[in-house]
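Respectively, the protein sequence lines represent chains A and B.
Per the UniProt record's numbering, the very first residue in the first sequence carries number 1; after that it's consecutive.
Per the UniProt record's numbering, the very first residue in the second sequence carries number 1; after that it's consecutive.
Just so you know, these hints were derived from the structure itself, not from any lab.
For clarity, every value in this text was computed on a predicted model and none was experimentally measured.
Hints are not guaranteed to be accurate.
Distance windows between CB atoms, simulated [stated by the list, open to error]:
(1) B/Ala159 - A/Gly140: 51 to 61 Å
(2) B/Pro83 - A/Ala246: 19 to 29 Å
(3) B/Leu102 - A/Glu429: 31 to 41 Å
(4) B/Trp86 - A/Gly133: 52 to 62 Å
(5) B/Gln151 - A/Asn227: 29 to 39 Å
(6) B/Gln219 - A/Asn205: 47 to 57 Å
Idealized CB from N, CA, C, for every residue including glycine.
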Amino acid sequence: MAILGSARTMRTLFAGAAVLAVLATAACGGGGSRASDQQAGGPPEREQPVQLEVTWWGGPARAELTQKVLDLYTQKHPNVTFTTQWQGYSGYYDKVNTTAAGRNAADIIQIDNRVLREYSSKGLLAELDPWVGNTLKVDGIDEKLLGTGKVDDKLYAVPLAANTQAIAYDRTALEKVGMLPPENGWATWEEFDTWAAGVTRATGNAPWAMRDESANITLFEYWLRQNGKELYDGQKPGFTTEDVTAWFELWDRLRKSGAASPQEVAQPANAGDISKNTVATKSTAMTYMYDNQLTELAKATDHEVGLVPIPGPRSGAYARPSQFFTAYTGGDNIATAVDVINFFVSDPEAGAILGTERGLPPNKQVRDVVSPNFDDQLKYVLAYDEKVVADAGPTPPVPAQGDSQLGRLLQATAENVGFGRQSPADGAEEFVTQAAGELERAAS
Amino acid sequence: MVDTAVRPTPAGRHAAPPRGRPGRRKEAIAGYVFLSPWLLGLFGITLLPMLYSLYLSFTDYDLLQDPEWVGLENYERMFTGDPQFWNSVGATLLFAITSVPLKLAVALGVALLLYRNRRGVGLYRSLYYVPSLLGGSVAIAIVWQTLFGGQGAINGLLAVFGIPGRAWIADPAFALGTLVILAAWQFGAPMVIFLAGLKQIPTEMFEAAALDGAGRIKQFWHVTLPLLSPVLFFNVVLETIAGFQGFTAAFVISGGTGGPADSTLLYTVYLYLRGFGDFQMGYASAMAWVFLIALGVITAFVFRSGSLWVHYADEGDR
Numbered sequence: 001m002a003i004l005g006s007a008r009t010m011r012t013l014f015a016g017a018a019v020l021a022v023l024a025t026a027a028c029g030g031g032g033s034r035a036s037d038q039q040a041g042g043p044p045e046r047e048q049p050v051q052l053e054v055t056w057w058g059g060p061a062r063a064e065l066t067q068k069v070l071d072l073y074t075q076k077h078p079n080v081t082f083t084t085q086w087q088g089y090s091g092y093y094d095k096v097n098t099t100a101a102g103r104n105a106a107d108i109i110q111i112d113n114r115v116l117r118e119y120s121s122k123g124l125l126a127e128l129d130p131w132v133g134n135t136l137k138v139d140g141i142d143e144k145l146l147g148t149g150k151v152d153d154k155l156y157a158v159p160l161a162a163n164t165q166a167i168a169y170d171r172t173a174l175e176k177v178g179m180l181p182p183e184n185g186w187a188t189w190e191e192f193d194t195w196a197a198g199v200t201r202a203t204g205n206a207p208w209a210m211r212d213e214s215a216n217i218t219l220f221e222y223w224l225r226q227n228g229k230e231l232y233d234g235q236k237p238g239f240t241t242e243d244v245t246a247w248f249e250l251w252d253r254l255r256k257s258g259a260a261s262p263q264e265v266a267q268p269a270n271a272g273d274i275s276k277n278t279v280a281t282k283s284t285a286m287t288y289m290y291d292n293q294l295t296e297l298a299k300a301t302d303h304e305v306g307l308v309p310i311p312g313p314r315s316g317a318y319a320r321p322s323q324f325f326t327a328y329t330g331g332d333n334i335a336t337a338v339d340v341i342n343f344f345v346s347d348p349e350a351g352a353i354l355g356t357e358r359g360l361p362p363n364k365q366v367r368d369v370v371s372p373n374f375d376d377q378l379k380y381v382l383a384y385d386e387k388v389v390a391d392a393g394p395t396p397p398v399p400a401q402g403d404s405q406l407g408r409l410l411q412a413t414a415e416n417v418g419f420g421r422q423s424p425a426d427g428a429e430e431f432v433t434q435a436a437g438e439l440e441r442a443a444s
Numbered sequence: 001m002v003d004t005a006v007r008p009t010p011a012g013r014h015a016a017p018p019r020g021r022p023g024r025r026k027e028a029i030a031g032y033v034f035l036s037p038w039l040l041g042l043f044g045i046t047l048l049p050m051l052y053s054l055y056l057s058f059t060d061y062d063l064l065q066d067p068e069w070v071g072l073e074n075y076e077r078m079f080t081g082d083p084q085f086w087n088s089v090g091a092t093l094l095f096a097i098t099s100v101p102l103k104l105a106v107a108l109g110v111a112l113l114l115y116r117n118r119r120g121v122g123l124y125r126s127l128y129y130v131p132s133l134l135g136g137s138v139a140i141a142i143v144w145q146t147l148f149g150g151q152g153a154i155n156g157l158l159a160v161f162g163i164p165g166r167a168w169i170a171d172p173a174f175a176l177g178t179l180v181i182l183a184a185w186q187f188g189a190p191m192v193i194f195l196a197g198l199k200q201i202p203t204e205m206f207e208a209a210a211l212d213g214a215g216r217i218k219q220f221w222h223v224t225l226p227l228l229s230p231v232l233f234f235n236v237v238l239e240t241i242a243g244f245q246g247f248t249a250a251f252v253i254s255g256g257t258g259g260p261a262d263s264t265l266l267y268t269v270y271l272y273l274r275g276f277g278d279f280q281m282g283y284a285s286a287m288a289w290v291f292l293i294a295l296g297v298i299t300a301f302v303f304r305s306g307s308l309w310v311h312y313a314d315e316g317d318r
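Please construct the entire structure, taking both the sequences and the accompanying hints into account.
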C-alpha cells in the first residue's frame, strides 16, 4: 500500500476508476435497446441491410451445407447477410453460455433438447408463437416433433431435423467373421449378449463386439423407456436406485461375457467426440449412435458401416429432434432470424441442400420433394428411421434443468463402476442421491 | 515476506515522504501518470472484477438472470454438500504434491548437466527449454493425448520390449500420472533459473571442498545445494502456485470432463465446469475465493518453511 502514496491520490485514483467502470457499464448497456423496439410477430426486415450471426455445432460437412443454405438466402434477399460460428459438440454450450452472459449471443442458435428448458426458462430464447402462421410455417411438421420444441405449451425452438436411436456397426469387420447382425435386431438384451459375445470370440477381441455404453445417458434413457420409465419425472429423476443398479449390472454382464468392450476401450469416446468414436478407430464393431450420424461415421472410416435397432422392445425409441434452431431474445432483428429459420425447415431448395446430415427433414412436404433424389446412403438412413419410428414410444417431455450435470454424473459413476472401483449398487446409490440434489438445485 | 519487510527498500523510504515539498509531489504525479496504463489495467481488469466475483460468491447467479443474494449458501454447500468438490481438492493436491518436486528435480538435474561450458551447450540449453515455451498450449495436450492413448506411441514403444500396453489416459489409475509427467517434462523455466543460480556459486568453494577431500556427491550436498537454496526456494514458490493452477492439460486431455471417473477433475477444471457448463457462476466464484485463500495459506506456509532450509550467503552481515 505504501507505494500508492497519500490518501488524496488514492481518492483521485478510485474516483477515476469508478468513472471508467461506469462508462464501461454504460457502453455495454447501449446495445440492448434495439431488441425491445421489435414487435413480436412483425414482418422480417429485408429492405434495410441486416446482418445476422448464426452458430451451431458439427463437423466440416455440416458447416459446408449450412453455409450453402445461408448463401442461398442471401442470394434471394441480398440485404440479409450472415456471419457464422461453428465448432464440435464438446464445449459448444460453454461458449453459448458465455456469449449469452455478455448479452452478445448469436441471433440464431442451434440447440438440442437437452438445454431447451434451461435456455427458455432463463429468457435466452424468443417465443416464436407470434410468428407461427405468417413468417413461420409449421403445418408440414409432425405435431409430435414440433411439440418437442415447446416448453409449457409455448414454441421456443423449431426442429431442424429428426433422428432416432440406433446401433451403428462395422459391416466390413463383421462380414469378415461371418456374423452380420440380424436386420431387425434382437428381441432381448440377453439374446444380444449371447450373439455379441460370439462376435468377440470370433474376432479375438480385435475389434470388441459392442462398445461399453454404460456412461451414455441417452442410451440409459432408451433402456429406461423400454422398462416403462422416463429419465425425468418433471424436475425429479424418473428412475430409482434399483433401476440404475440394474443398468450397471447389465453392462457388467456384457463386459464379463465379452459382448461389450472393457471401459478402458470405451472411455475415450465418453466425452462424445466423434473423432474418438470406437467404430471409427476400429476398436469396437458396434456403438450406440443416432441414425443421421451414419453419414459422418462413414466418412471417418474406410470400412462399410450400417445401422441396426437397439436390442429389446422399440418402445425406447422416439422421433427425436436432433437439433433445433432458436432465435436469441437479444438479437438485432428477431423477425428476420425467424424468417431464416423458416427457410431452413420449409424451403425445398434448402431441404435438398441439407439432405439428412442433421437428420431427416422435419417438414413432410419437403421430405417428399427431396427424398427421391437422395443417394443410397441417405435412403438407407431414411428407411431405417421410418422402420424404427413406426414402432416408437411416446415422445418424452423436454429434459429437466440440470440435464448436463446428470450426464456428467452418470459418466463419472459409470467409469468408476466400469473400472471396478465401485460396485454397481454403491455407484447407483451415489449417483441417484447426487442426481436428485443437482436437479433440485438447478430448478431453484 | 517477513524478510523483505525488515530490509530498507525504496518503497519503504517512499512510505513516509517529507510532506509539503513540491518537487517531490511533482515527481510522484509524474510517476502515477507513467503508471496509469498499468493502474487502469489493475483496477479495471483485475481488481474490480475480483471484487465483483467476491460479491457473486454470495449469490445464486446463472449468467442470464440477475444475481440473487443467498449469503453463505455456496460456501456451505461446497464444504458439506458436494462430494465432487472434495474429489477435485484431492486430485489437485495429489497433482501438485507429485508434479512440483518431480519437475524441480528434473530441472535441477538437467541444469547440473548443462551448467559447465562444453561444446554445443547453448544448443542443448535452448532445446531443453523448448517444452516450456509450448507449455500451456492446447497443441501439446493433444500430442500427449495421442502419445498416451490406447493406440498411441508409448504403447507401441512398450510393445517393442514385450510389455503389454495400457490405456494410460482412459484408466483412472494412470490418467493423473500422465498429467504429472507432462508437467515435469516442461521443466525449462525452473531449469534456466537454476542455471543462473549455479553460475553464481564461486568456483573457489568447490576447489576448497575438493582440497578437504569432498567428492562430487558431498560437494553437491554441502556446497551446491545450500548455496543454491534461495534459488530453489524461489522455484518452489513459483512452481507450487503454478502447480495448483494447472488447467489446460487436464481440460484438454480429458475432453473437458475431468474424466476418467473424475480422476483428472482438478480444482480449476471443476470450477470451470460449474461456472460455464452448469450456469452456477455464484458457486464458481465462491470456489475461486476459497482457492485464492487456500493458495495464500499454502504459499505462506512455504515461506515460513523457508527459514528452516534456505541459506542466504549474506546472512552474516545482518
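Consistency of the hints with the structure:
A beta carbon spacing of about 57 Å between alanine 159 of chain B and glycine 140 of chain A agrees with the range 51 to 61 Å that was offered as a hint. Evaluation of the 19 to 29 Å hint for proline 83 of chain B and alanine 246 of chain A yields a pass: the beta carbon distance comes to about 23 Å. Separated by about 37 Å at the C-beta atoms, leucine 102 of chain B and glutamate 429 of chain A satisfy the suggested range of 31 to 41 Å. Distance hint check: the CB atoms of tryptophan 86 of chain B and glycine 133 of chain A are about 54 Å apart, consistent with the given range 52 to 62 Å.
In this structure, glutamine 151 of chain B and asparagine 227 of chain A meet the distance hint of 29 to 39 Å, their C-beta atoms being roughly 36 Å apart. Under the hint 47 to 57 Å, the C-beta atoms of glutamine 219 of chain B and asparagine 205 of chain A, about 55 Å apart, fit the expected range.
Consistency with the previously given hints is maintained throughout, with no hint failing.
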